[in-house]
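Taken in sequence, the protein lines are chains H and U.
Going by the working numbering, the first residue of the first sequence is number 8, and it counts up by one from there.
Going by the working numbering, the first residue of the second sequence is number 8, and it counts up by one from there.
Hint data in this document are derived by calculation from the structure and do not stem from the laboratory.
Treat each hint with caution, since some may be false.
The list treats identical chains as one, so a pair stands whether inside a single copy or across any two.
Said to hold, decoys possible - With a straight-line cut-off of 25 Å between C-alpha atoms, the simulated SDA-like cross-links for lysine to any residue are:
1) LYS169 <-> ASP79
2) LYS124 <-> TYR107
3) LYS169 <-> ALA46
4) LYS28 <-> VAL205
5) LYS18 <-> TYR196
6) LYS215 <-> ILE192
7) LYS215 <-> ASN88
8) LYS150 <-> MET208
9) LYS134 <-> GLY106
10) LYS28 <-> ALA123
11) LYS134 <-> GLU187
12) LYS99 <-> PRO135
13) LYS124 <-> GLN213
14) LYS99 <-> ILE77
15) LYS176 <-> LEU210
16) LYS141 <-> LEU193
17) LYS28 <-> PRO125
18) LYS14 <-> ASP63
19) LYS176 <-> ASN217
20) LYS215 <-> LEU152
21) LYS129 <-> ARG108
Remember, predicted model here, so these are calculated numbers, not experimental data.
There are 2 protein chains.
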Amino acid sequence: MDKKISKSVLKRLPSYLSYLKSLQETDSPYISATALANALGMGEVQVRKDLAMVSDGGRPKIGYLRESLIDDIEQFLGYDNTTDAVLIGAGKLGQALLGYRGFDDYGLNILAAFDAKPSREKTEDGKPIYPMDKLEPFCRANKVLMGIITVPGEYAQQVCDKLIGCGIKAIWNFAPVHLEVPPHILVQYENMATSLAVLSMHLQAQIKDNKENKSGRID
Amino acid sequence: MDKKISKSVLKRLPSYLSYLKSLQETDSPYISATALANALGMGEVQVRKDLAMVSDGGRPKIGYLRESLIDDIEQFLGYDNTTDAVLIGAGKLGQALLGYRGFDDYGLNILAAFDAKPSREKTEDGKPIYPMDKLEPFCRANKVLMGIITVPGEYAQQVCDKLIGCGIKAIWNFAPVHLEVPPHILVQYENMATSLAVLSMHLQAQIKDNKENKSGRID
Chain H
8 MDKKISKSVL KRLPSYLSYL KSLQETDSPY ISATALANAL GMGEVQVRKD LAMVSDGGRP
68 KIGYLRESLI DDIEQFLGYD NTTDAVLIGA GKLGQALLGY RGFDDYGLNI LAAFDAKPSR
128 EKTEDGKPIY PMDKLEPFCR ANKVLMGIIT VPGEYAQQVC DKLIGCGIKA IWNFAPVHLE
188 VPPHILVQYE NMATSLAVLS MHLQAQIKDN KENKSGRID
Chain U
8 MDKKISKSVL KRLPSYLSYL KSLQETDSPY ISATALANAL GMGEVQVRKD LAMVSDGGRP
68 KIGYLRESLI DDIEQFLGYD NTTDAVLIGA GKLGQALLGY RGFDDYGLNI LAAFDAKPSR
128 EKTEDGKPIY PMDKLEPFCR ANKVLMGIIT VPGEYAQQVC DKLIGCGIKA IWNFAPVHLE
188 VPPHILVQYE NMATSLAVLS MHLQAQIKDN KENKSGRID
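Given only the sequences and the hints, what does the whole structure look like? Please build it.
What follows is the structure, encoded as structure tokens:
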């Protein structure tokens, strides 16, 4: 963790991990940077550099022991020490995230959800949904450092402020707004509405182009 | 749609929409750019410009009729003409997205999922899960233009190529890899594994700093 890591390296590591984990028992226990680069259609030099940054297990001409490399990448990404989190906003998106079992693989454990007006006491998977006044005592008691925001945009800033007041240091924000935070707090944005708008605009433009081309042919 | 729209405008529009929809029947039917800017803690000039880009319903001193402004933003974002999509990879993430009812609000309709080895024929919500050989006839028959990729990283490129072969023009990629596509295809990336890695790294660094500070005090 002493080396400064660029976000582009962080983006590539999960794909190495995903590929390494997909290999079968019957495959060789060793894998080289070259083999990995070829399999993923990436530059060999880049893969070699990335791997050297997260693991010192590479041996000339042999490569890395696959299992060790998986461990090294997971440790590097923090997947091995589970991060506990709270989620604020048990609406449609909040409930979908609460029910998503894949977060375990990334070391994320959502302990509980909080909502201004909880519509039920537990999710289908049995995760508790508490009213907002339980947030601070819960975060303090469980030493929670990560908060996930899935409330509508106009409530996101006040929820963010509340989370910081509860000792939260890292925020995963699914609300479609920018959040103001002190410098020691990290906000990671996940804006699915924007992604969909970008895709939808592209499709509208394509459909329009098609129509114009077709009418051009007829005229 | 004739004006060129920056991605930063697209990012702000969903938050205007979310706020406008949160207002009550009892609130005034009109809203000004100033009121909207104040409510969301944003710059008035920026909000004014953004709104002027999507709607010509603004009147001096009165502002916009709220319902019309909602319609204009939704139309601009393409939420009103529903986009049909197929989803490839009915694993944990794929099933979470299939079950997420909030996409309706954004005009996205996932018609069906496809999987190399479907573990079941339908999701809990009754959406069909088909084997991959049904993908092309399904996309052609339903004129589907959007594909959502939720397969593991190492299969994403081949799935992407297959989607393009089926007439797909816009791809929403949740796999943690970069995709090579022809220029007329748009790929929008949604990398939750990277987001989590970034947050997790931040927390690890914070915990480390805290420990060092504390041991510093004892020495």
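So, going through the hints one by one against the coordinates:
1. LYS169 <-> ASP79: For LYS169 and ASP79, neither the intra-copy (35 Å) nor the inter-copy (33 Å) Cα distance is at most 25 Å.
2. LYS124 <-> TYR107: both (22 Å within a copy, 20 Å between copies)
3. LYS169 <-> ALA46: between (46 Å within a copy, 18 Å between copies)
4. LYS28 <-> VAL205: This pair counts as between: shortest inter-copy Cα distance 21 Å, intra-copy 32 Å.
5. LYS18 <-> TYR196: both (15 Å within a copy, 11 Å between copies)
6. LYS215 <-> ILE192: Answer is between: at 15 Å across copies they meet the 25 Å cutoff, but 44 Å inside does not.
7. LYS215 <-> ASN88: between (50 Å within a copy, 14 Å between copies)
8. LYS150 <-> MET208: between (43 Å within a copy, 17 Å between copies)
9. LYS134 <-> GLY106: Both ways: LYS134 and GLY106 sit 9 Å apart in one copy and 17 Å across, limit 25 Å.
10. LYS28 <-> ALA123: between (40 Å within a copy, 17 Å between copies)
11. LYS134 <-> GLU187: Intra 29 Å, inter 40 Å, cutoff 25 Å: neither.
12. LYS99 <-> PRO135: both (16 Å within a copy, 21 Å between copies)
13. LYS124 <-> GLN213: Answer is neither; intra-copy 42 Å and inter-copy 33 Å both fail.
14. LYS99 <-> ILE77: Answer is between: at 21 Å across copies they meet the 25 Å cutoff, but 34 Å inside does not.
15. LYS176 <-> LEU210: between (39 Å within a copy, 7 Å between copies)
16. LYS141 <-> LEU193: Result: close within a single copy only, 23 Å intra versus 44 Å inter.
17. LYS28 <-> PRO125: between (39 Å within a copy, 20 Å between copies)
18. LYS14 <-> ASP63: For LYS14 and ASP63, the Cα distance is within 25 Å only inside one copy (21 Å; across copies 40 Å).
19. LYS176 <-> ASN217: For LYS176 and ASN217, the Cα distance is within 25 Å only across copies (12 Å; inside one copy 49 Å).
20. LYS215 <-> LEU152: Answer is between: at 13 Å across copies they meet the 25 Å cutoff, but 48 Å inside does not.
21. LYS129 <-> ARG108: both (16 Å within a copy, 19 Å between copies)
Violated hints, in rising order: 1, 11 and 13; the structure is consistent with all others.
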